[in-house]
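Protein sequence lines correspond, in order, to chains L and S. Residues 1 to 368 in this note's numbering are what the first sequence lists, from first letter to last. Residues 369 to 655 in this note's numbering are what the second sequence lists, from first letter to last.
Keep in mind that the hints were calculated from the coordinates and are not lab data.
Beta-carbon label-pair distances, calculated as ranges:
hint: 1; chain 1: L; residue 1: Asp-14; chain 2: S; residue 2: Leu-644; range: 55 to 63 angstroms
hint: 2; chain 1: L; residue 1: Asp-14; chain 2: S; residue 2: Pro-562; range: 24 to 32 angstroms
hint: 3; chain 1: S; residue 1: Lys-546; chain 2: L; residue 2: Gly-143; range: 17 to 25 angstroms
hint: 4; chain 1: S; residue 1: Lys-546; chain 2: L; residue 2: Ser-30; range: 35 to 43 angstroms
hint: 5; chain 1: L; residue 1: Glu-177; chain 2: S; residue 2: Phe-380; range: 50 to 58 angstroms
hint: 6; chain 1: S; residue 1: Phe-479; chain 2: L; residue 2: Glu-61; range: 37 to 45 angstroms
All residues carry an ideal CB built from backbone N, CA and C; glycine is no exception.
Each chain, letter by letter, is given below.
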Amino acid sequence: MTAAKAEKPIITLDGVTRSFGSVQALRGVSAEIREGEFFSLLGPSGCGKTTLLRMIAGFDEPTTGTITLDGKPMAGIAANHRPTNMVFQSYAIFPHLSVADNVGYGLKKKRLPKAEYDREVEEALKMVSLGGYGPRAAHTLSGGQRQRVALARALIMRPKVILLDEPLSALDKKLREQMQIELRRLQRSVGITFILVTHDQEEALIMSDRIAVMFDGQIAQLDSPEALYRKPNTQRVASFIGVMNFLDAKAVGEKGGKITLDIQALGTLDIPASALPEGMRPSEISRVGVRPEMMSVVMDGAKGSGHEIAAEIAESEYYGDMTYYLVSLPGKDEPVTISMRNTAGRAVLEPGSKTRVSFSPESIVVFR
Amino acid sequence: MKLNSEGRKGLFLISPTFAYALLLLAAPLILVIMFSFWTQDYLDLDTTPTLANYKEAWTDPLYRELMFRSLRISIMVTLVTVISAFPVAYYVSFRVKERKALWLFLITAPFWTSYLLRVFLWKVILGYNGVFNSALLWAGIIDEPLQFILYNVNAVVITLAHAWAPFAILPIFVALEKIDRSLLEAAEDLGDGPVRRFFRVTLPLAIPGVMAATLIVLIPTVGDFITPKLVGGTEGLMISNMIQVQFGKANNAPLGAALAVSSMFIVGGLSLLIFLGSRRVGRVAGE
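All chains, full assembly: derive it from the sequences and hints.
Below is the structure:
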């Protein structure tokens with residue numbers, strides 16, 4: 001993907017709002033979705049992400065604001081005239097049609113010669129690894145297969161944008177993980193812009209080029225998965241994506257590109273001034289956050305790195321590859337969560353063990 | 369055959385229902401079939417089996433004409449009923465957002481009065497000095513009352529179509545309710561306008577309801593005798609009126625029975641054809 005192509009917006013949302021009676025489902029959403037990217041709308045249920053997706057598809061109209069798709073304003077254009085295709089949460093496979101007729105449904109209007117039509121349908125089926133399934137009845141398919149048919153039905157239309165409404169939520173864990181990788185690979189190979197709606201942060205992180213995290217009808221943060229995880233701009237985003245330990249903190253000094261923080265339980269330490277989000281003054285800092293994997297429980301004999309403080313294990317949860325410890329720090333009531341990879345020979349500590357916790361100041365995220 | 373206790377309990381439980389069905393459905397039917405092979409001999413019945421009644425039923429032009437007319441009228445009634453029921457069912461299913469149950473309740477409102485009363489009401493509406501004619505006269509559209517609207521086939525069709533409307537609306541409504549609305553959105557998303565979408569998704573998926581409505585209306589209307597008798601005049605009489613006459617005034621129960629059995633088989637055959645045909649239509653319409 002070239003940089004120039006990546007920058008071109010395929011969809012521009014400008015101040016989009018939507019009210020249902022007295023309920024405001026969307027409170028002014030503005031964003032640009034770039035051509036060819038895998039874009040996710042991530043948020044808890046009721047945050048307005050599905051409403052936004054349905055507006056892009058043309059099933060709903062904004063109360064105010066505009067949606068521009070491929071340079072054309074979409075107001076008043078019905079779903080059947082928009083260059084978008086949707087993969088529905090329920091898949092919406094036509095039960096009275098065969099697999100091939102489902103996939104070719106949108107193509108019928110073009111009145112292609114039979115041979116060409118058949119070839120296109122088979123090609124689309126092959127793209128989703130369902131080659132040869134055409135003559136089957138739709139109702140004989142499994143959940144995963146239905147999902148693929150729904151995808152093939154959208155792909156065959158060669159739309160500018162494919163919209164996916166929680167497409168994997170009905171699949172079991174193994175299949176879901178497999179489909180995440182497959183969808184990502186497919187999106188890269190066809191180069192069509194995908195917009196995914198999901199409430200599963202892990203899914204969004206794995207699949208997306210960029211993610212818009214939505215709360216209460218607004219975009220809270222729009223960033224790459226890595227930036228969202230490492231530099232969440234609010235505590236709410238931080239706790240929605242992954243796990244974050246929060247500690248009260250305040251800035252006590254600033255000197256030579258460093259900010260000195262007084263942090264609950266961790267004590268006084270310096271962080272680089274570059275850790276401060278743009279437009280935020282040191283005096284605004286009220287809390288800091290540390291991810292569980294950014295701290296370590298210092299095991300017997302091992303040498304910690306960076307800062308170290310005394311601690312006690314309150315609980316341990318063994319996950320096989322990882323152990324999650326709830327660790328009590330002196331000066332903090334709530335224990336913090338620390339994850340440790342269970343490498344060869346590393347012991348799992350019992351609750352009650354006295355230990356030390358190490359962390360590096362670079363991993364600290366500051367919040368208002 | 370040895371039955372375990374559960375099997376015995378099961379038999380015991382279904383036996384009243386079974387006896388009831390035997391007594392009220394099978395027994396009269398068997399009796400009618402037996403009658404159809406006998407001969408009326410003034411006051412006595414000659415029980416020597418004969419096919420003479422069937423020969424008469426199938427060859428006499430009068431009976432044939434009545435049978436064809438019955439079929440023609442009930443097919444017309446069915447078409448009128450189902451075609452006018454579909455928009456009503458569609459409206460209630462797709463457009464009514466609240467109080468659907470109230471709508472359905474109101475659709476069944478005509479059933480609060482007796483069938484006979486409703487037929488008489490149509491007489492009042494369609495009669496020479498009836499509501500319909502009076503209204504047209506009052507509005508100055510006609511100079512003298514229309515006579516072709518009562519005591520003929522049209523009156524029979526109108527009255528029966530009204531009487532059977534709820535029986536057609538309800539199964540179609542149920543079929544429409546069962547359609548997953550996301551299928552309609554998917555069709556629209558894939559480029560269909562409202563009309564194409566209706567013929568490619570809504571109608572094929574509503575076929576089971578339309579078929580049920582067709583059979584529910586068609587089968588009983590072939591055998592209706594109250595409506596033709598009250599509003600049909602002479603040209604509106606149907607086969608059941610003849611069957612009634614044979615069992616009554618004409619004192620020829622065996623011939624009446626043969627006519628009844630014949631009409632039952634014809635209706636059964638027709639229903640089977642419609643059933644098989646509609647399954648084909650359902651499959652083809654979606655493509």
